[in-house]
Amino acid sequence: MNTLTIASLRLLLSSLLMVVATSSAFSAQFSARLSSTLAGRNHNEMVSVLVFMANQLDVTEVHRVQKLSAFSRQASHAVLVKELQDFATDNQISLRGLLDQAIARGEVSSYEAYWITNAFQITATREFIERLELRSDIEAVIEDLPPTSLYNPNQNANAETVTDLAEGAIGGLRAIGADQMWEMGYTGAGRLIASFDTGVDGTHPALSGTWRGNTHSSAESWFDPVHQEETPHWDNQLSVGSHGTSTMGIMVGKNDATGDTVGVAFDAQWISAMVVDIPGANYLQAFQWVADPDGNPNTITDVPDVLNNSWGFLQDNIDCSDLFWTPIDNLEALGTVVIFAAGNEGPAAGTIRNPANRATTEINTFSVGATDSVGLKVWSSSSRGPSDCDGVSIKPEVVAPGYLIWTAVPGPTFYYGLRSGTSFAAPHVAGAVALLRQYNPNATVDQIKLALLNSATDIAPAGQDDSTGYGLINIPAALALLPPNDQVNVFVQSIEHNPINSGMEIQFIATLRNSGFGTSNVNAELLEAETGMSIVNGFSSFGDIAKDATANNSSDPFVLQFNNGIVDGTQLSVDLHITATAGYEKTVRLTFTVGEALVKSLYNHQSDSLRFTISNFGAYGLAPGSALPGNGLGFLFPTSGVNNLYQAGLLVGNSPLGISDATTNTIFSVDADFRVAPGGNLQVSTGGVLGDHETYSRFEDSHAYRPLGITIEQRTASFNGSVDANYVIMEYTVVNDQDTAINDLYVGMYLDWDFPPNSGQDRSGFDEESQVGYMWHNNQAQYRGCKVLTDEGLKTFRAIPNSAIVYDGVTEAEKFEMLTGPMLPTSNFAPDQSFSISTGPFNLGPGESDTAAFAIIAGRNVNELALTAQRARSMYRQATPVDDDGAALPRAYQLDQNFPNPFNPITQIQFNLNRTEKIRLEVFNSLGQKVATLIDDVRPVGAHSVYWNGVDDGGQPVASGIYFYKLTAGSLSETRKMVLLK
1 MNTLTIASLR LLLSSLLMVV ATSSAFSAQF SARLSSTLAG RNHNEMVSVL VFMANQLDVT
61 EVHRVQKLSA FSRQASHAVL VKELQDFATD NQISLRGLLD QAIARGEVSS YEAYWITNAF
121 QITATREFIE RLELRSDIEA VIEDLPPTSL YNPNQNANAE TVTDLAEGAI GGLRAIGADQ
181 MWEMGYTGAG RLIASFDTGV DGTHPALSGT WRGNTHSSAE SWFDPVHQEE TPHWDNQLSV
241 GSHGTSTMGI MVGKNDATGD TVGVAFDAQW ISAMVVDIPG ANYLQAFQWV ADPDGNPNTI
301 TDVPDVLNNS WGFLQDNIDC SDLFWTPIDN LEALGTVVIF AAGNEGPAAG TIRNPANRAT
361 TEINTFSVGA TDSVGLKVWS SSSRGPSDCD GVSIKPEVVA PGYLIWTAVP GPTFYYGLRS
421 GTSFAAPHVA GAVALLRQYN PNATVDQIKL ALLNSATDIA PAGQDDSTGY GLINIPAALA
481 LLPPNDQVNV FVQSIEHNPI NSGMEIQFIA TLRNSGFGTS NVNAELLEAE TGMSIVNGFS
541 SFGDIAKDAT ANNSSDPFVL QFNNGIVDGT QLSVDLHITA TAGYEKTVRL TFTVGEALVK
601 SLYNHQSDSL RFTISNFGAY GLAPGSALPG NGLGFLFPTS GVNNLYQAGL LVGNSPLGIS
661 DATTNTIFSV DADFRVAPGG NLQVSTGGVL GDHETYSRFE DSHAYRPLGI TIEQRTASFN
721 GSVDANYVIM EYTVVNDQDT AINDLYVGMY LDWDFPPNSG QDRSGFDEES QVGYMWHNNQ
781 AQYRGCKVLT DEGLKTFRAI PNSAIVYDGV TEAEKFEMLT GPMLPTSNFA PDQSFSISTG
841 PFNLGPGESD TAAFAIIAGR NVNELALTAQ RARSMYRQAT PVDDDGAALP RAYQLDQNFP
901 NPFNPITQIQ FNLNRTEKIR LEVFNSLGQK VATLIDDVRP VGAHSVYWNG VDDGGQPVAS
961 GIYFYKLTAG SLSETRKMVL LK
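Here the sequence shown is numbered in my numbering, starting from 1 and rising by one per residue.
Because the hints were derived from the structure by calculation, they are not lab data. Be a bit skeptical, because a hint or two may be false.
Stated by the list, open to error - Now the in silico label distances, taken between C-beta atoms and shown as ranges: (1) 961 with 531: 35 to 45 angstroms; (2) 109 with 843: 51 to 61 angstroms; (3) 36 with 411: 33 to 43 angstroms; (4) 960 with 804: 48 to 58 angstroms; (5) 846 with 517: 42 to 52 angstroms.
What the hints assert, rightly or not - DSS-like, lysine-lysine: derived pairs with alpha carbons at most 30 angstroms apart: (6) 930 with 977; (7) 918 with 930; (8) 918 with 977; (9) 977 with 966; (10) 82 with 586; (11) 918 with 966; (12) 966 with 930; (13) 586 with 547.
Virtual Cβ for every residue (Gly too), placed ideally from N, Cα, C.
Sequences and hints are given; from them, build the entire structure.
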């Protein structure tokens with residue numbers, strides 16, 4: 001039998017998730033309705049909009065991969081949720097920064113970012129929204145309108161007005177074969193149904209017993225973003241308020257006290273989002289919630305089997321817009337079958353509502369038309385195809401009973417009534433999905449939809465047509481087309497443990513669930529723990545687990561020990577190997593996060609003369625209107641001046657196929673190759689060794705198209721006082737994380753200044769004596785430059801005419817030329833210019849590191865730049881690690897600068913070892929006298945950390961002053977300087 005492990009699936013899925021630029025335009029597209037709305041508003045009047053970014057993650061291949069592994073739903077959910085979240089985080093930083101700054105100015109009142117699709121909800125002034133149209137990273141902007149229910153009040157009837165209810169009550173359920181499924185034992189037990197609707201009367205006796213919130217948290221069972229109530233309810237002041245109760249009744253309704261059954265899958269649990277016809281709610285909020293209701297991507301029992309959508313937008317509002325497609329595709333990739341009602345605008349042709357009108361495949365979007373209550377003929381008002389998207393594709397996919405359907409109605413007397421519309425046909429199909437998932441919980445989304453499609457009973461008119469699609473659903477016939485659930489499938493339903501910190505021993509309880517054939521003698525063993533943690537108790541027995549049953553190891557928890565010195569944000573994994581009788585085995589990868597989450601962030605350096613924004617992801621400036629607009633200041637000199645830095649970013653590479661950077665790319669956006677590494681959250685200190693204002697951060701190049709496999713430790717520094725106020729130091733320690741050497745590596749900076757902004761009067765040059773590359777304005781005393789500070793010195797400086805190199809997009813080969821090409825000291829004739837400056841080469845063995853440093857400089861002429869560069873070089877040399885009389889420590893032995901520095905009274909010292917060895921870590925005063933011994937024993941390979949509290953070996957506090965800490969490993973040693981200030 002072919003098997004696909006969780007680890008290999010994660011790698012495969014990650015390789016298949018591609019970025020898709022969904023817009024071919026270079027500016028955002030506004031919907032006609034939004035343009036009309038804006039035209040009627042004052043320039044400072046607030047409007048709520050949905051903003052869809054141009055880049056989206058393509059998950060279409062996930063469905064194919066799921067077919068390779070019969071039981072991959074849990075694995076793909078964990079991987080895909082994280083990929084979607086990371087993608088959105090990385091691609092939204094520019095617009096987030098702009099929005100944060102606009103909030104401070106009062107132009108934006110609020111915004112919310114989403115990961116289920118790369119999008120925002122923004123409430124802002126008309127003037128601000130209109131400026132978004134100029135952004136190339138936005139695909140579309142539409143008015144933020146709530147989804148609209150498909151409600152036909154004139155077609156409804158209460159019990160008192162209907163003379164014969166027999167067929168209305170059960171005819172629809174019989175017509176689709178639900179009663180036959182019940183006789184076979186399939187009632188929806190153990191399955192979960194979701195809806196987006198107008199609310200649900202959670203106290204209705206036909207619904208109250210099966211709400212998931214009875215046994216799980218309210219937050220994962222009910223989503224109410226507007227009213228913020230914790231339990232299901234409906235709004236009796238809303239004309240369509242009863243709609244959601246009635247649709248849910250068709251899916252799961254059953255009164256246990258009376259035996260009244262109106263639901264297809266009456267033993268299924270349900271959850272719902274109250275977002276349809278609710279002012280202030282939007283569908284993106286709901287899609288993101290339902291994709292991971294409990295907020296834990298490692299669990300799937302909270303993720304519904306099916307989502308019913310008895311809502312849609314009229315074509316004159318949204319036409320065939322594809323804005324819904326990405327969240328639908330992402331949710332289905334997570335394992336949820338998405339069903340849509342077709343609409344009630346028939347019998348005219350081409351009247352399917354959006355997004356039911358999508359027709360990219362025969363099952364996307366899976367839309368449902370309505371028949372009479374016994375399924376013999378199509379209901380007259382059911383929307384008809386073909387899809388208006390292409391004018392030919394058959395719509396709807398299938399039909400189900402939707403005229404005079406007996407279901408739950410909210411109210412104080414809890415009565416039932418008749419409802420009509422495709423709103424009440426779609427829930428029949430959603431209930432059918434729950435029954436089919438009970439038969440085979442591991443059936444994929446496509447398997448279920450194709451089974452429903454290919455088993456449908458043809459009704460008039462004959463054949464596939466734009467009134468009934470493939471025909472009336474037939475659940476027993478669909479079941480016959482699904483693969484049987486005849487294999488064991490034990491998976492991790494949940495893991496429970498306390499928060500994890502470095503040095504802790506933690507117990508965790510695993511709950512296993514079997515969604516396949518019952519099995520016995522289930523055991524689980526922890527194996528292959530990553531470096532940084534060890535297994536203390538790694539074996540537990542779970543006994544027999546029947547089909548759809550669970551078992552846990554609460555009586556004998558697993559125990560893990562986490563090492564000291566693990567930096568916050570580190571994720572460590574361990575395999576859980578599950579075995580059972582008849583040779584069943586399966587390996588699940590469990591991941592634990594130590595400490596706090598990693599966050600991209602900015603810091604504004606400020607001296608007496610300049611202000612400069614840095615980040616912990618390799619891009620700098622980040623001012624509004626820049627190449628990577630954010631809430632940064634850019635570069636201001638003097639501090640009261642205006643920003644003239646359009647772009648600044650780090651480049652690292654060793655070939656045209658090996659470039660990691662944060663600079664302009666071929667699609668006119670900025671590469672986001674760097675990702676915050678464990679321990680890389682931006683840390684700020686004052687009065688440090690490198691400068692008066694210092695930052696420390698770490699980032700890795702794992703987001704590059706072809707990662708080099710490096711981690712970069714970034715330190716930046718600025719100074720008080722007029723002598724050193726004109727520059728900022730940027731230091732990069734590049735660490736080779738690979739098992740093989742990285743040779744001929746170059747490190748560089750790319751800077752694009754505009755004097756004044758957008759003037760087209762840039763000039764560039766290179767001062768040979770001071771080795772400073774610079775740009776300047778030909779009519780004003782404005783000069784900006786960059787100087788290599790480290791001993792490797794300058795590799796190259798290249799003055800870049802933007803019209804020739806940048807305007808058509810910058811290739812990786814051109815970036816490597818920036819790092820290694822011949823000197824180009826000037827480009828006098830280009831009105832818009834930029835420059836690059838680099839150092840190297842560096843040759844790094846496995847685990848080795850080396851350092852490159854630059855000074856970003858401002859002045860009023862070349863002479864000022866040269867003098868400032870000399871001062872920066874001098875200050876940097878004073879601040880770098882002091883030498884001692886021992887041999888130089890190989891780069892694999894890495895002693896980091898302490899943090900904070902200066903400190904009072906505690907500081908942290910971190911170091912790395914490339915082999916297990918006895919070491920000493922000692923502290924000396926400025927006279928060379930030993931003050932304290934912090935470590936004197938054997939330490940293993942890896943990262944280590946120790947704190948010093950400013951106390952000597954005798955237990956007495958030491959005085960303020962300069963101290964040195966020295967790491968000795970065998971005959972090798974390294975020393976660094978630190979300052980204690982009390």
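>> Tell me if the straight-line CA distance from residue 977 to residue 966 falls inside 30 angstroms.
In response: 9 angstroms, holds
> Between residue 918 and residue 930, does the CA-CA distance stay at or below 30 angstroms?
Replying inline: Satisfied, since the Cα-Cα distance of roughly 19 angstroms is no more than 30 angstroms.
> Falls inside 48 to 58 angstroms, the C-beta gap from residue 960 to residue 804?
Replying inline: Holds: the Cβ-Cβ distance is about 56 angstroms, inside 48 to 58 angstroms.
> At the C-beta level, are residue 961 and residue 531 separated by a distance inside 35 to 45 angstroms?
Replying inline: 38 angstroms, holds
> When you check the alpha-carbon spacing of residue 82 and residue 586, does it fall within 30 angstroms?
Replying inline: 22 angstroms, holds
> Has the given pair, residue 966 with residue 930, been kept, meaning a C-alpha gap of at most 30 angstroms?
Replying inline: 10 angstroms, holds
>> Tell me if the straight-line CA distance from residue 586 to residue 547 falls inside 30 angstroms.
In response: 17 angstroms, holds
> Regarding residue 109 and residue 843, is the given constraint of 51 to 61 angstroms on their beta-carbon distance met?
Replying inline: Given about 54 angstroms between the Cβ atoms, the range holds.
>> Run the distance test for residue 930 versus residue 977: straight-line Cα separation, threshold 30 angstroms.
In response: Since the Cα atoms of residue 930 and residue 977 sit roughly 14 angstroms apart, the hinted pair holds (cutoff 30 angstroms).
>> Just to be careful, I want the Cα atoms of residue 918 and residue 977 compared with a cutoff of 30 angstroms; is the pair within it?
In response: 23 angstroms, holds
>> Just to be careful, I want the Cα atoms of residue 918 and residue 966 compared with a cutoff of 30 angstroms; is the pair within it?
In response: Status holds; Cα separation ~14 angstroms.
>> Can you tell me whether the CB distance of residue 846 to residue 517 sits inside 42 to 52 angstroms?
In response: The hinted range 42 to 52 angstroms holds for residue 846 and residue 517, with Cβ atoms some 47 angstroms apart.
Every hint, counting from the list given before, is met by this structure.
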